[in-house]
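Participant: Go by the hints and put chain B onto chain A.
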Amino acid sequence: MSIDLSQFFDVFFEESFEGLDIMEAELLNLQPGYEDSETINTIFRAAHSIKGGSGTFGFTSVANFTHVLETLLDQIRDGRRQLTAEHVNLLLQSVDCLRALLTALQAEEEPDLSNANELKVKFEEILGGKENVSSDTADSTSQGQESQTYQIDFKPLPHLFKTGNEPLYMLSELSELGDLETHAFCDAIPEIDDFNPEDCYLSWRLYLTTSYPESAIKEVFEWVEDDAEISITLCGGLFEDDVSVFTTPELESEKKETSSNETQNIDVPKINPATKAKPEASKKSAESTSIRVGIDKVDSLINMVGELVITQAMLTQLGEQEPTENTLAAMQEGLAQLAHNTRDLQENVMRIRMLPISFVFSRFPRLVRDTSQKLNKQVELKLLGEQTELDKTVMEKISDPMVHLVRNSLDHGLETPEDRIKAGKDPVGTVTLNAFHQGGNIVIEIMDDGRGLNTEKIKSKAIANGLIQATDELTIEEINELIFRPGFSTADEVSDISGRGVGMDVVRRNIQALNGSVEVTSAKGVGSTFTIRLPLTLAILDGQLVKVAKHTYIIPLISIVESLQIDIKKVSKVGNGLEVLRLRDEYIPILRLYQLFNHGGAIEELDKTLLVVVESDNHKVGLLVDDLLAQQQVVIKSLEANYQKVNGISGATILGDGRVSLIVDISGLIKLSGLKRPGTQELLVEQELDEVVS
Amino acid sequence: MITEKASINEQVMLADRDDDTQFLTFMMASEEYGMDILAVQEIRGWEEVTAIPNAPTYVNGAINLRGTIVPIIDLRVRFGLPQIEYGALTVVIVVSVVIKEATKIMGLVVDAVSDVYSINQETAKDVPDFQDSENSQFVQGLVNVGEKMVVLLNLKKILDLEVKQNEQLVVGG
Numbered sequence: 001m002s003i004d005l006s007q008f009f010d011v012f013f014e015e016s017f018e019g020l021d022i023m024e025a026e027l028l029n030l031q032p033g034y035e036d037s038e039t040i041n042t043i044f045r046a047a048h049s050i051k052g053g054s055g056t057f058g059f060t061s062v063a064n065f066t067h068v069l070e071t072l073l074d075q076i077r078d079g080r081r082q083l084t085a086e087h088v089n090l091l092l093q094s095v096d097c098l099r100a101l102l103t104a105l106q107a108e109e110e111p112d113l114s115n116a117n118e119l120k121v122k123f124e125e126i127l128g129g130k131e132n133v134s135s136d137t138a139d140s141t142s143q144g145q146e147s148q149t150y151q152i153d154f155k156p157l158p159h160l161f162k163t164g165n166e167p168l169y170m171l172s173e174l175s176e177l178g179d180l181e182t183h184a185f186c187d188a189i190p191e192i193d194d195f196n197p198e199d200c201y202l203s204w205r206l207y208l209t210t211s212y213p214e215s216a217i218k219e220v221f222e223w224v225e226d227d228a229e230i231s232i233t234l235c236g237g238l239f240e241d242d243v244s245v246f247t248t249p250e251l252e253s254e255k256k257e258t259s260s261n262e263t264q265n266i267d268v269p270k271i272n273p274a275t276k277a278k279p280e281a282s283k284k285s286a287e288s289t290s291i292r293v294g295i296d297k298v299d300s301l302i303n304m305v306g307e308l309v310i311t312q313a314m315l316t317q318l319g320e321q322e323p324t325e326n327t328l329a330a331m332q333e334g335l336a337q338l339a340h341n342t343r344d345l346q347e348n349v350m351r352i353r354m355l356p357i358s359f360v361f362s363r364f365p366r367l368v369r370d371t372s373q374k375l376n377k378q379v380e381l382k383l384l385g386e387q388t389e390l391d392k393t394v395m396e397k398i399s400d401p402m403v404h405l406v407r408n409s410l411d412h413g414l415e416t417p418e419d420r421i422k423a424g425k426d427p428v429g430t431v432t433l434n435a436f437h438q439g440g441n442i443v444i445e446i447m448d449d450g451r452g453l454n455t456e457k458i459k460s461k462a463i464a465n466g467l468i469q470a471t472d473e474l475t476i477e478e479i480n481e482l483i484f485r486p487g488f489s490t491a492d493e494v495s496d497i498s499g500r501g502v503g504m505d506v507v508r509r510n511i512q513a514l515n516g517s518v519e520v521t522s523a524k525g526v527g528s529t530f531t532i533r534l535p536l537t538l539a540i541l542d543g544q545l546v547k548v549a550k551h552t553y554i555i556p557l558i559s560i561v562e563s564l565q566i567d568i569k570k571v572s573k574v575g576n577g578l579e580v581l582r583l584r585d586e587y588i589p590i591l592r593l594y595q596l597f598n599h600g601g602a603i604e605e606l607d608k609t610l611l612v613v614v615e616s617d618n619h620k621v622g623l624l625v626d627d628l629l630a631q632q633q634v635v636i637k638s639l640e641a642n643y644q645k646v647n648g649i650s651g652a653t654i655l656g657d658g659r660v661s662l663i664v665d666i667s668g669l670i671k672l673s674g675l676k677r678p679g680t681q682e683l684l685v686e687q688e689l690d691e692v693v694s
Numbered sequence: 695m696i697t698e699k700a701s702i703n704e705q706v707m708l709a710d711r712d713d714d715t716q717f718l719t720f721m722m723a724s725e726e727y728g729m730d731i732l733a734v735q736e737i738r739g740w741e742e743v744t745a746i747p748n749a750p751t752y753v754n755g756a757i758n759l760r761g762t763i764v765p766i767i768d769l770r771v772r773f774g775l776p777q778i779e780y781g782a783l784t785v786v787i788v789v790s791v792v793i794k795e796a797t798k799i800m801g802l803v804v805d806a807v808s809d810v811y812s813i814n815q816e817t818a819k820d821v822p823d824f825q826d827s828e829n830s831q832f833v834q835g836l837v838n839v840g841e842k843m844v845v846l847l848n849l850k851k852i853l854d855l856e857v858k859q860n861e862q863l864v865v866g867g
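Which chain is which? The protein sequence lines are A and B, in order.
Following this note's numbering, the numbering of the first sequence begins with 1 at its first residue and continues without gaps.
Following this note's numbering, the numbering of the second sequence begins with 695 at its first residue and continues without gaps.
Don't read these hints as lab results, they were simulated from the structure.
Quick reminder that beta carbons are idealized off the backbone N, C-alpha and C, glycines included.
You may find that some hints are simply not true.
[Stated by the list, open to error] Just the calculated beta-carbon pair ranges, DEER-fashion:
(1) A/Ile302 - B/Gln735: 52 to 62 angstroms
(2) B/Asp714 - A/Gln332: 49 to 59 angstroms
(3) A/Asn196 - B/Val792: 46 to 56 angstroms
(4) B/Asp714 - A/Leu328: 33 to 43 angstroms
(5) A/Ser460 - B/Val792: 35 to 45 angstroms
(6) B/Glu795 - A/Glu110: 21 to 31 angstroms
[Unchecked claim] From chain B, some residues computed to sit far from chain A (all C-beta separations above 10 angstroms):
(7) Met721
(8) Met722
(9) Glu736
(10) Glu742
(11) Asn758
(12) Val764
(13) Asn838
(14) Val839
Bound conformation, chain B alone:
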């Protein structure tokens, strides 16, 4: 019985590997970024947040998501991009990611949601070695979709608040 189960599992995994992974992509400063769609819980409009004292600059605050307190991260600030006014298109992508054995639910503020692509992970190129940029740790790979290039993100690194970016980090903390 055990061997049967194992072989079924193997088949499932093989099937997975053959299938393409689906990525949700979004726009930020005219660049298109993608994240594994399985991590995405929901997409919401921007709403007022409650500030968290002495939080890193990229943490906007926390919102009430049906009874759960969810921190909101401004991805532009996290990447060191210039901030813009939040508008009608500004969205919050709520993701759930396992960080250090605990499932964390967080919201990411991005300019706008773009598309869903099926991408074969093996076609993804490694990140070129930007020597100086701390941001490269947030990038999992680069893929071409038609004419466009999409940056696939490493959510675990982005949402791990202990991973520092640039120098503009934790005040007080």
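Just chain A, same shape as in the assembly:
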């Protein structure tokens, strides 16, 4: 019977990409000369799984390429080859290459093998000379050792079959390594009545005479380490202390204490991909559409649903009873409990969408490494607050702006090692990514200890671009703020790393699209810090309900500066009928919401209405509303999904009474009002205001 393997392709690709991510992360941890065997093992296992999977599914190009890579890794982990920086680079390149191959295969395209073949040649050059490259399995590289006999005790746990493993295959695989003598123990087989056909009752003692190292035998059992008791013992003395890569340091020292003539049992430590690599496997995959949810979160949800069901049952029972004073009180109590349960449930469901920010952070070590090499700079990357949780949607969208900011820090912020030494600094620059919660926001800081922003240069550039007047007196903060203006780039040359002129304004716009903000602080010679502030979730918003004619709208609380009654004496009219309110020393343009939204029946007299002053893109405008209603948290729903984009509206929500209410989009509203010329940052009215003031 043939099985259609294609149904497993998705799983294979997902796992392979995760495997590549693990390899990449671990490779970056490797310090040539100081490599620890566990790291190399993790890399090896990831590569091995990819090779195995791709072989099974018939992706021979991937399998063949992974094979050479694995051979090198195998030699390194056996200590037969010293890891060099060149190896790490080559391995990183092959991770990229494998990713490209797998992406092509996933898209059902013919993969481009030229890169893979080039890398393969390089690998073979490294492996060549000493090793036999064309040999079939990675393990055969150690041919030439004398034959030894191992005693292998293999006692599978009863549930072995349920994990999909078949001892027979392992035995036949072992027999390929050399002469195999098998003894099966059947004494554990129970009476027929107690016999469970899905359990494994057999165990084996095997004698294997082979020229392969012990690691080759362990590899056969690699997937069943957790599901079986395995002990591999060398018969006949010639024990080599350093053969086992699985040996933990403790075992290592134990071994030295015991006399080397004795036969030794080396229990395979319980470190295997299933337990060790899984938490790391859940790193990254930020782009994938599925999320892994911690079992604790699911458990607490189940608990809450349980409570909800109980409350509901109680209420149903109460509803069926004769209505009396007592049942009414009990009913009210039950309803209060129901409200409580619902709120808990809502909070916890929202928590499911929250993932640690390490999903985003984990792509930066590679980026920093590659970029700094390209720039000939020495950089240390520090990651802080990696466990800070953030909504998945926000996370997906914040990644690109962050990449941009980090690249900027590396390219423009940090000096070259020579300059740093001249400035009396450590030649190794530091870039720090820090994330933490503050109020209802998540704050992400990108800090570098470089030269800081060059305020003089920014100012002269801004004057040259006509963003400011030469006579303008600006504070340092205001000057730094200028880098977020469109078309602003101080890099003298356009480099391929940053400085393409589409710079910080895009970063700011992307972050603002998430209802967030970005700021910069900088000190000359000390470094600069970019601070991104984001709402924890895009799904819920704190809103101020306002009344316009007979309609209820919601203004995001975060953008409201203040609400006030209008003093008519302070309102003046400027060109084309626009009204502005003088508020302290500022002029606030007044936008009549009912006009912009085309609603009749609103209060038109300024002194009978309220003005909600809101801020967006650093511009303050006043929205004229009939009345302020309640403040509440609202769940954001898409209006666009079934309708179309509405200017000045960012979404919709459902109020407590089941009615739909629309959420006002401040920056869209400013556009709708025509206050802003397309492509400029200035409000039209600001120029006119200047005239009024002067």
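Facilitator: Then chain B, alone, in the frame of chain A:
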């Protein structure tokens, strides 16, 4: 195996073609209109809607349909027919239609729901060529059911807000 599957598919399609298509019909200004019943999700009574700013005149607003925001279109206005007071019989037919690769759920306000007919599509006549009427683009065909004539509608065109009707179109937009 593949060829087997293909032949089964073919058979299914043939069976479909032989079978009549079912149409839900409704009344508007004494005319009977029909739409493919498979597009219909549910039929609801008229309820208050929330106005959408600067929407075309035929968009009444949006309602909350079990947590989804669903826009409501007045089909009379869309067809340029005179508006009437919404009454007890006024219904909203909630339909789901794929427009430009996205499934949109919208509500259509009509005077009253009428009947369900099985109609053989091949008996449907082409729309007579009304030179001037933009409304003809909303019509897929005409069929006779007994004595009556039913206008079969092209929902994709009706619900595509970019398809304009007459001149009374998008204010502001």
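Participant: Look at each hint and say if it fits the structure.
Facilitator: Consistency of the hints with the structure:
no., hint, in the structure
1, A/Ile302 - B/Gln735: 52 to 62 angstroms, "32 angstroms, violated"
2, B/Asp714 - A/Gln332: 49 to 59 angstroms, "56 angstroms, holds"
3, A/Asn196 - B/Val792: 46 to 56 angstroms, "51 angstroms, holds"
4, B/Asp714 - A/Leu328: 33 to 43 angstroms, "56 angstroms, violated"
5, A/Ser460 - B/Val792: 35 to 45 angstroms, "55 angstroms, violated"
6, B/Glu795 - A/Glu110: 21 to 31 angstroms, "27 angstroms, holds"
7, Met721, "25 angstroms, holds"
8, Met722, "22 angstroms, holds"
9, Glu736, "14 angstroms, holds"
10, Glu742, "7 angstroms, violated"
11, Asn758, "5 angstroms, violated"
12, Val764, "6 angstroms, violated"
13, Asn838, "34 angstroms, holds"
14, Val839, "31 angstroms, holds"
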